[in-house]
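Sequences listed follow chains G and W, in order. The first sequence begins at 425 in the numbering used here and counts up one residue at a time. The second sequence begins at 425 in the numbering used here and counts up one residue at a time.
These are computed hints drawn from the structure, not numbers from a lab. Please note that a few of the clues may not be correct.
Since the list gives no way to pick one copy over another, a pair counts as held whenever it fits inside one copy or between any two copies.
[Claimed, not checked] Below 25 Å or equal to it, Euclidean Cα-Cα: the simulated SDA-like pairs (lysine to any residue) are:
| id | residue 1 | residue 2 |
| --- | --- | --- |
| 1 | K930 | F1008 |
| 2 | K648 | A954 |
| 3 | K912 | A763 |
| 4 | K648 | D499 |
| 5 | K1063 | G943 |
| 6 | K761 | L746 |
| 7 | K489 | K817 |
| 8 | K869 | L1072 |
| 9 | K912 | R1052 |
| 10 | K947 | P581 |
| 11 | K1038 | G918 |
| 12 | K566 | E931 |
| 13 | K912 | E743 |
| 14 | K1069 | E629 |
| 15 | K627 | N872 |
| 16 | K947 | Q976 |
| 17 | K761 | L942 |
| 18 | K761 | T560 |
A quick note: this is a predicted structure, and the numbers were derived from the prediction, not measured.
2 protein chains.
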Amino acid sequence: MTRPVFRIIGTIVAAGALGSCVHPREPKPAACNQPRPVASATPHVQVAAKYAEAETPAPLSDALKNDEGMWLLNDFPSQRLEQLHGFRPSEEWLRHVQLSSARLAGGCSGSFVSLHGLVMTNHHCASRCIEQLSSTRRDYMKLGFNAQAEQQEAKCPEMEIDQLQSIVDVTERVHQATAGRSGAAFHDALKAEQASIETECTKNEEVRCDVVSLYRGGRYHLYKYQRFQDVRLVFAPEFATAFFGGDPDNFMFPRYDLDVAFLRVYDRGKPATTSEYFRWSPAGAAMGDLTFVAGHPWRTSRELTVAQLIALRDHALPERLLHLAEARGILTEYRRKGAEQQRTASSLLFGVENSLKALRGRLAVLREPDVFAAKVAAERELRTRVDGNPQLKALTAGALASIEQAQSRFETFRTEYRMLEQAQGFWSELFEHARRLLRIADESKKPNAERLREYTDAQRAVYTKQALSPSVIHDELEILTLTYSLTKLREELGVDNEIVARLLAKEGPAGLARRVVLGSRLKDIRFRKALFEGGKAAVDTATDPMLALARQVDSSARALRKEYEETVEAVTTKNSELIAQARFALFGTSLYPDATATLRLSFGQVLGYEELGKSIAPFSTFGRAFERATGIEPFALPKSWLDAKPKLALSSPLNFCTTNDIIGGNSGSPVIDRAANVVGVVFDGNIYSLGGDYVYDPIRSRAVAVHSAAIVEALDKIYRARRVLDELRSSGPATGL
Amino acid sequence: MTRPVFRIIGTIVAAGALGSCVHPREPKPAACNQPRPVASATPHVQVAAKYAEAETPAPLSDALKNDEGMWLLNDFPSQRLEQLHGFRPSEEWLRHVQLSSARLAGGCSGSFVSLHGLVMTNHHCASRCIEQLSSTRRDYMKLGFNAQAEQQEAKCPEMEIDQLQSIVDVTERVHQATAGRSGAAFHDALKAEQASIETECTKNEEVRCDVVSLYRGGRYHLYKYQRFQDVRLVFAPEFATAFFGGDPDNFMFPRYDLDVAFLRVYDRGKPATTSEYFRWSPAGAAMGDLTFVAGHPWRTSRELTVAQLIALRDHALPERLLHLAEARGILTEYRRKGAEQQRTASSLLFGVENSLKALRGRLAVLREPDVFAAKVAAERELRTRVDGNPQLKALTAGALASIEQAQSRFETFRTEYRMLEQAQGFWSELFEHARRLLRIADESKKPNAERLREYTDAQRAVYTKQALSPSVIHDELEILTLTYSLTKLREELGVDNEIVARLLAKEGPAGLARRVVLGSRLKDIRFRKALFEGGKAAVDTATDPMLALARQVDSSARALRKEYEETVEAVTTKNSELIAQARFALFGTSLYPDATATLRLSFGQVLGYEELGKSIAPFSTFGRAFERATGIEPFALPKSWLDAKPKLALSSPLNFCTTNDIIGGNSGSPVIDRAANVVGVVFDGNIYSLGGDYVYDPIRSRAVAVHSAAIVEALDKIYRARRVLDELRSSGPATGL
């Protein structure tokens, strides 16, 4: 069951496309679908540049610049920026941006916007918390949430917010540890070295340390975060305005969404003091303004080799799409059963629809003959340049072919790996709990360096929080998703598959799902706590049926993971590193690395685009939102808006778009101006941004954001949210509100 | 809403992939999804032969022959058959097979098996009739049906069975009519000539005449059928055994399905006398036996050009699959609401799942790099051979390029065409009725030659039957499917599309669907009759909301159809004809034409295959069916089977597989031996047969059939269906039962 939801691109990406679902430092055993970043040699900026050669109407193309790039804060192309936009940020400016940016552990971005720990993000990034705080009696998704006093700020059961403190280059140390190794030995050495660096760094539970792979192994950096584990909900509007236009408008522009929420980080029961934070710009962004987006783009695949892209295009993405489409049908009809089903399944359906639309767009780009031809040409060019340099040629001999072979090998067990180890056959939060407890018990007994990477000492705080999450689990929804996924398990592995026969012969998918969900005590946090604290002895003797189910598949799942890590991941990483080294030798860090959920800064400008010969202006207004509201979901504005209409400045901007290079994970990112003041919050990309996983399209790709003036207008006139408003005002620049 | 269900491949194929949804003589305005056959130049037998060069284990490959081919009965390769299998059929033999074969107007095949009009087909070909005869009180899908006397034989509301009387070559006449024309003029001349030939031939409502295009316009034949419009249900087993294994086992082998049903054609209220019929072989097929399958394969695409295949692979098939997957989710969850929903939505869900699995298999084959490369090579080879012949080179100059351009042009409006004219945005039987009545009224006023092809005089009996069908319509299911498809309409054309905004802005998909379904009187056959007979005046003044909806989209839909017919279909047909002429010059009729729902005869043998290194025997047994039955759907055998188990010969064959080349539409086809005695009834193909749309795989593609001995065993010991059994016995060969 997928946890975090991302408006932009989403978590449910090309599942198992390329790698382990377990992102290096983000354990999501059952839910995750993130291909672990692997390697590539595509000089992607060149692909985008080529892309940009297409004709565009004169007025727009005059303003167009190639704003491609998700740049590292410690490798920011200040000179390029100055050339393109006439602004050169100082080191202090970059440091301020780093510390004022927030990472939401579930997969979104955010920003600190006051001295007292106030955090701005998207409504859709806070929606899981909002749902968890809701009940049949009070549905905050429907009603919105507005804490009138500090005591009313409500603790999110699972939310964690991290602030990036420092970045240290550990490439040398990692490369030395793996030198001369391959296959399982390479994988084990890499894992052990990462675990050891992270564990040395993680002094206590308030610190989080991730060794991140950049340039697909070309560089390894140690990211150290301050963790805020007490996060409370301060303000959220109604879902009806946060996601006005729903799935039909998703990834479209112009948009009319107030997709914003405010949270607050607490420290020892009091609002935390956050001395670095973004000031507020009440006027917000204007046409042509230079804009920056600071955030945590989750994953891009611009460096993938052609062989890897073919696997995505012809297998992983189409399969995932079919799975999502069917899940969408199931959830849509389930929600029609009643108000309770509608409430409990909403964010799940949103996540599915969001991913479905995003992946369709992404696949469409991969199927563009021109885009693919450019990728092929770029790889050929790299190969030619490498071949012209004997040293680089020797270094990378066979690297591309090895990656292609690893890809072919993966195809032979990808379905089983996806269903069993990535647990797509077991779409259930209870199953996630069961497997996690089982594996914590098993892994904890091993030496740190030998554990599965999500159970090393450095990850203890993370998995503990997950294991003991107070999040409410809905039996009926669990039965629904588990039945569905078990049906897929049978479908994809076949009725006569040994595991399928063992699990399903007697009861079938529906019978098994019903029995293990209704019989499981894992929804009771005390039971989980007892198992967690009781360790292996407690887990081994427990007779819980969901735990038994997880146990029944675990050895097969682990075997598949081992096979994947040793024969696919290790080969790909090792060879990608070689290609990355060649790329460094040729290009240096003039290219940005593929996104890996680390903090990135992109630059751009407020700019419209052309579509079917029509010019799309970069702003939408309150007035047009009212005109578009039909009263029928998803085009029904909430009562608060209808009531406040006479007081609103209808011509003022609501949403806007910019050329910033963003992708999933950038949801909730602040849009800031050159003074580093907040002019908006990113919540989406337009339809042309979806191919951004593979290639940035400078002509039509746009980031979509809520305008800072719209946030003020809404807080003031629609919600009378004085507390938040005063706090933003007191944080504002000298020219403030 | 899709009407007929086909186990093999199914009706819901690559919707709108290539052409009008309206098959020349099979009007299905809203439901149909059959690309109208267009053209190609691929010598497909060569592709299959190349395919066959792959290695197979010795014992099997010794027995393997290339049994590719869906042959015309008036162009049967007797010599080739004699060389391969040592049997040369006489003209009388072929004539007997032609007259003993039956075509079910909904899209299946069947066979006459007694002197008194008894017809054998699949349960899944009769299931719509079985559902229509069922009620909440008596569910014959669940219980099965067994008429104890002639009076109990129950009339199917919509079924029609046709018997092919004669085939006349009219190529010359058609080619003369279109000579020198292109675009709209070509299209109009072709349509007019077809209509005129058909109308001349159709003397009364008991005759049906179709001008069919073969070799994608290389030949035109006039097929004349005797129509049986009074068809009654005689015997059907329970759904649980007819579709044992359900979707998981669909397209798999070994299988364990009693997918058979018996119907009877009546003439003036009495069982018709059918002097030509297949005798029954009680022993049935044995290992290695030569087998024939006579039936009506609906459509193959083996002659398509590479450009057309790319459009299918990259656009039409993936889109259709996503649509089907989501529909599957919706229907699956809908059926869980209760017994009534389960009953009424069963055949719809079956059709969707069946198509989904079939199209997945088909797409997988198109994505096989080797298969595609063989297609490309075959086209290149044809081009080379044509270029070597100045006359052929001149004849076909630019033909391939023109087809490719027509394909590109189609891409620019394919989505609108699919949603509006093919009515995928209006998935509703009531909408089908509405549009049909509307168009009958409009078209009837035009001269015969200018009408839409499904409303010419020759088609009058067909559209009358459809318009006045007594089939029961279920409001709740109608609302479900219409809501879903309107949501797709909005999704695919966009919220701001003019038609979408006009239809949906006020009510949204659910509101509109609810209003027009509940408000429509079209479910009342008397109301439809009044409109049908009242003509344009009656239809124009009627205020029915579903009729109003159909009216709202009809001009746009017609405009798209016109654009399609003139800029895509006409160009493709014309140029495909040229390529076909070149192919004739080079190959003669040594190649069979692509399937177009005309009667075909394929030959093959009873033979297993290898899968993942395992040898699959060509027979399954009753005994193994019992072992596999878990009691949980879809693996629950009915009570009748469990009760009869002690009496059954458990080791006797239940299903078997052969190398016959079949595809969707072959469902219900008799399997006959060299004496033309029935040894089985085809109901499926294995998973490797699915690529048969593009290429026949002689190594692993297999037709799957119910064994004639199993039918006797079941009728005798499980169902005590003495009447049918005695009738088959009295029809049997001298060595009879």
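Output the numbers, in ascending order, of every earlier hint that fails for this structure. 1, 2, 5, 7, 8, 14
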